[in-house]
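J.: Construct the entire structure; sequences and hints are all you get.
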Amino acid sequence: MVGYLPDVGQLSALEPLDGEMWSAVLNRQSYRQCKNYIDYHVCNWMVPNCDDHALCQSCRLNHVIPNLSDSQNVTLWYRVEQAKRRLLYTLYNLKLPVIDRVQDPHKGLCFEFLQDETQCGEFNNTVTASQQVITGHHSGKITINLREAEHSARIEMRDKMNERYRTLLGHFRHESGHYFWEHLINETPELDRFRELFGDERQDYQQALSGYYEHGPPPSWQTGWISAYASAHPWEDWAETWAHYLHMVDTVETAHDFGFSIHGSDISAPGAGAQMSEGYFSPIVFDVLFEDWCRLSVALNALNRSMGLDDAYPFVISKVALEKLSYIHRIVMAINHQPPRTFPPSQTVATG
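Residue 1 is where the sequence shown starts when you use the working numbering, and the numbers rise one by one after that.
Incorrect hints may appear among the rest.
[To be verified] Using 25 Å as the maximum straight-line C-alpha spacing, the simulated DMTMM-like pairs for lysine to aspartate or glutamate come out as follows:
hint, residue 1, residue 2
1, 141, 117
2, 319, 196
3, 107, 204
4, 95, 39
5, 319, 291
6, 95, 287
7, 141, 116
8, 95, 51
9, 160, 311
10, 319, 253
11, 160, 214
12, 319, 287
13, 107, 200
14, 141, 112
15, 160, 117
16, 95, 250
17, 141, 201
18, 160, 116
19, 35, 51
20, 160, 310
21, 319, 201
22, 319, 250
23, 107, 190
24, 35, 70
Think of the hints as simulated: they come from the structure by calculation, not from any bench.
T.: As structure tokens, this is what we get:
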């Protein structure tokens, strides 16, 4: 058996011990499977023996899980949890402040995985949506519509929204950007610089979104934003740029771990030199990350085209968008401590 050890940030083979305990080959420490690993096989994170919680660090952040009386929901939940764990791996690896609902009951991070409510038609032979769940963020709570885990439904929505990229992982990264804006930018000295780069977030949000959906992005949006949707409002610009930064970091790290080399140049670890990130050094680290990302994304797109698939990264990064990415990198590099990890309330099961 293989499980992820969140206390050391690595996967490990595991050997059975007495009872429900397992010994990690990596460090010979004792662990238990997460309850969602045992009961539903939707999680592969382990719980250290010294921790008496039934759920792992990732699953404890769940506030509402899907209604499991529908057997299909277990499969969809599995896909959602895969994306969520990859997000959390990167956040913890970057030492970002993942503040849960125990530490901050009002704005701490938690997740709700909900599905659209349905009702029968007049003759009980049709089913229509009576209440649509909106994927989004509010005061630390990230809500994901379970339909996003249905591949055909997500692709259909991507086409309707005229998007070139729409993934579960992208949703998690984007919504986490809203969460971290509250913790890293709002009511901090960074707010003025944020407004210089992204615009004034005090403009009416709902009016801005309505204008975007009615008229679309500006004709020349590629010159100032990382995506069309980023042009809708400064908050969305930040969240889209934040998501792209996490895309870069995670993909470059994966390529480095697999020993990728492009035209004879190795892909560097994305955090290389971060421990030396005094004021003058952080931009150098970002330059290396961005150069590796450019080479890697071109190669990934070429490989996908060879297989007849869509581009893995269908975006062009303008100078303005690059400056925003560099700013986010500086913010991340300034986080030089990991907050204590306490644990939020146990998950509850959605009934609708």
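J.: Mind checking the alpha carbons of residue 160 and residue 117 for me, to see if they're no more than 25 Å apart?
T.: At roughly 21 Å apart (the allowed maximum being 25 Å), residue 117 and residue 160 satisfy the hint.
J.: For residue 160 and residue 311, compute the direct alpha-carbon distance and say whether it is at most 25 Å.
T.: Holds: residue 160 and residue 311 sit about 19 Å apart, inside 25 Å.
J.: CA of residue 95 to CA of residue 250, is that 25 Å or under?
T.: Distance ~14 Å between residue 95 and residue 250 Cα, so the pair holds.
J.: Has the given pair, residue 107 with residue 204, been kept, meaning a C-alpha gap of at most 25 Å?
T.: 22 Å, holds
J.: Is the hinted pair residue 95 and residue 51 satisfied, with a Cα-Cα distance of at most 25 Å?
T.: 21 Å, holds
J.: Holds or violated: residue 160 with residue 310, Cα cutoff 25 Å?
T.: 17 Å, holds
J.: Within a Cα-Cα threshold of 25 Å, do residue 160 and residue 214 meet the stated pairing?
T.: Answer holds: residue 160 to residue 214 is near 14 Å, not above 25 Å.
J.: Is the Cα-Cα distance between residue 95 and residue 287 25 Å or less?
T.: The given pair, whose Cα atoms are some 20 Å apart, holds under the 25 Å limit.
J.: Keeping to a limit of 25 Å between CA atoms, is the pair of residue 95 and residue 39 held or broken?
T.: Distance of about 30 Å is beyond 25 Å: violated.
J.: Tell me if the straight-line CA distance from residue 107 to residue 190 falls inside 25 Å.
T.: 20 Å, holds
J.: Do the alpha carbons of residue 107 and residue 200 lie within 25 Å of each other, as the hint requires?
T.: 22 Å, holds
J.: Given the hint that residue 141 pairs with residue 116, does the C-alpha gap stay at or below 25 Å?
T.: The hint holds at about 18 Å.
Checked against the numbered hints above, the structure breaks only hint 4 and satisfies the rest.
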